[in-house]
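A.B. asks: Line by line, the protein sequences are chains A and B. Counting along the first sequence from 1, when you hit position 219 you're at 219 in this note's numbering, and nothing is skipped either side. The number in this note's numbering is simply the position in the second sequence, starting from 1, with 397 added.
Please keep in mind that the hints were generated in silico from the structure rather than gathered at the bench. Just so you know, even glycine gets a beta-carbon here, dropped at the ideal spot from N, CA and C. One thing to keep in mind: the hints can contain errors.
Chain A is faced by these chain B residues, among others (derived, beta-carbon under 8 Å) [to be verified]:
1) Leu-401
2) Pro-417
3) Leu-440
4) Val-451
5) Leu-457
6) Arg-459
7) Ser-471
8) Arg-474
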Amino acid sequence: MSSPRKPRTTFRTALRDDLRRSAVDIRTIRLRLFRVAPSNWAVGLIVAFLCLGVWVGPQFGRSLEALMSDAPDGVPMFDKLFRLMVFAMLLATSWGAFRLAVVWLGLRKCLEGFARMPIVTAFDRLPPRLARLTQLSLPGPASGTAIGAVADLQWLHLQGIHQAKKEEFAKELGPDRAELTEVVADLMKEPAAQELALTSRGRRALVERLGTLHDVLRELWRLEPMKADVNALIEGLNKEFEKPVPRGGEEASTALLIRRGFAGPVQLWVRAAEEYAGTRMVEYVEWVTRHLRELALFMLLSLLLATLLLSSYPYPPQSLLRLILLVVLGGTVGSLIFVLIQMNRDEVLRLDRPDRAGKVTWNLRFVMNLLTFVGPAAAHPAELRVPRAAEIPLCVG
Amino acid sequence: MVYLSLSIGFVTDVMNLATPDPGRWWLFFRRAVEIDSMVSPVLPLVLWGLGLAVWCTWHLRRIALLQQRTIFESVCRNRVELPTQTSHDVPHRPPG
Chain A
1 MSSPRKPRTT
11 FRTALRDDLR
21 RSAVDIRTIR
31 LRLFRVAPSN
41 WAVGLIVAFL
51 CLGVWVGPQF
61 GRSLEALMSD
71 APDGVPMFDK
81 LFRLMVFAML
91 LATSWGAFRL
101 AVVWLGLRKC
111 LEGFARMPIV
121 TAFDRLPPRL
131 ARLTQLSLPG
141 PASGTAIGAV
151 ADLQWLHLQG
161 IHQAKKEEFA
171 KELGPDRAEL
181 TEVVADLMKE
191 PAAQELALTS
201 RGRRALVERL
211 GTLHDVLREL
221 WRLEPMKADV
231 NALIEGLNKE
241 FEKPVPRGGE
251 EASTALLIRR
261 GFAGPVQLWV
271 RAAEEYAGTR
281 MVEYVEWVTR
291 HLRELALFML
301 LSLLLATLLL
311 SSYPYPPQSL
321 LRLILLVVLG
331 GTVGSLIFVL
341 IQMNRDEVLR
351 LDRPDRAGKV
361 TWNLRFVMNL
371 LTFVGPAAAH
381 PAELRVPRAA
391 EIPLCVG
Chain B
398 MVYLSLSIGF
408 VTDVMNLATP
418 DPGRWWLFFR
428 RAVEIDSMVS
438 PVLPLVLWGL
448 GLAVWCTWHL
458 RRIALLQQRT
468 IFESVCRNRV
478 ELPTQTSHDV
488 PHRPPG
């Protein structure tokens, strides 16, 4: 009996699975950003607000307008309008907080996928100015342009490395992988300039370029460690153990030393290629972060307006409405803190401090982000004071 | 639509205040223009209008952002659309 034939592994299919997994997460994120109801749990929020409406509805009193109008059912239009405004404002704020948490959970799943790829070590090496773009801070300068410029420069470097070490590159890969060498050579003929990106044809070229680069990277990862890397690793560890107090192998695992080494021309090229691909992945993360930032700003403004709305007009049961607003505020601040802390701890988003992944880093940027988004929201309870009866002027006549 | 119909109803209510007693309408007007009195019905309406403007601005920006697609997202999307194996695939051989 012959053994079942093993499926053929190819350099195009191998990474495709990684990208396919990411594609599922990315599709989920896009749907959550696109749909009005980002997930099925939104039904729970609507039900909660319906129950709240049923409970609070009968407790509503009459406004000053009701004293002056002669509406047949005793509830003037202003009262109905005011009730609608209050509930819509509270629902919109809660909806924003819910959406923020749901989108972040989608992004976190996608980032977990990134962290499983060998490319994750490249995130440590990206320029620090890219790290700022993946944080939930206030909108800065045109970020997309900055990322595009960095990617262009990285592509130029990649071409330079390949051009300088073309022969050694082919030699190190060997005649068995002549086809791979050819694919890399063809890829390196692609221009770095992004004037292509302005047209749909140029954009397609960029997409194909990144796709092929991923395929090549995956194949090269499978070849690790190359002969030059093994020699360099042995040499490095030997030198370390010759020291009176050797520390080799204690600071980093062998796998990490191999991943971070770049002894031969192939590994140097892989290192630069990983950074290019990593920059393109950061571009995506930044796009989602921009959505989260817009959402956080909307939540802040919505909370502010809801507080002002409840303080702007005496409407019974004012204290109950303010209590509900306080609960909504707690949920909003809670979701903001949850997202900010999770982003601060994330392994991939900690581009500037990879050693601090999984731990909260209390640096100036994090404190500023907390103050920017959570500070104003947390300061709202001061505004939620119920005015004394004496403070309401008697202008009814 | 609910908001629109309620708003039209409110305007009708205000117009009806003048009949039969124009004094009621005058009192309402005085109270409405005293924005800082905290009993003006105009202030909640203005705040609600601002809230709607913020809501609409956020949605417009969200839709504008959704129209963008990053290079990485397009690559992932293409991979899902591609068949499992293509004629360009190169067989993997172990190093040696």
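A.B. asks: All hints are to be evaluated individually against the structure, with a verdict given for each.
C.D. replies: Each hint tested on the structure:
1. Checking Leu-401/B against chain A: minimum C-beta separation of about 11 Å lies over 8 Å; hint violated.
2. Among the interface hints, the one on Pro-417/B is violated; its C-beta lies about 10 Å from the nearest C-beta in chain A, farther than the 8 Å criterion.
3. Taken as an interface hint, Leu-440/B checks out: its beta carbon lies about 4 Å from the nearest beta carbon of chain A, inside 8 Å.
4. Given hint, Val-451/B at the interface with chain A, holds; its Cβ is 5 Å from that chain's nearest Cβ, closer than 8 Å.
5. The interface hint given for Leu-457/B is broken, as the beta carbon of that residue sits about 10 Å from the closest beta carbon of chain A, more than 8 Å.
6. With its C-beta approaching chain A no nearer than about 6 Å, Arg-459/B sits inside the 8 Å limit, and its interface hint holds.
7. Hint status for Ser-471/B relative to chain A: holds, with the closest Cβ pair at about 4 Å, below 8 Å.
8. Checking Arg-474/B against chain A by beta carbon gives a least distance of about 6 Å; that is within 8 Å, so the hint holds.
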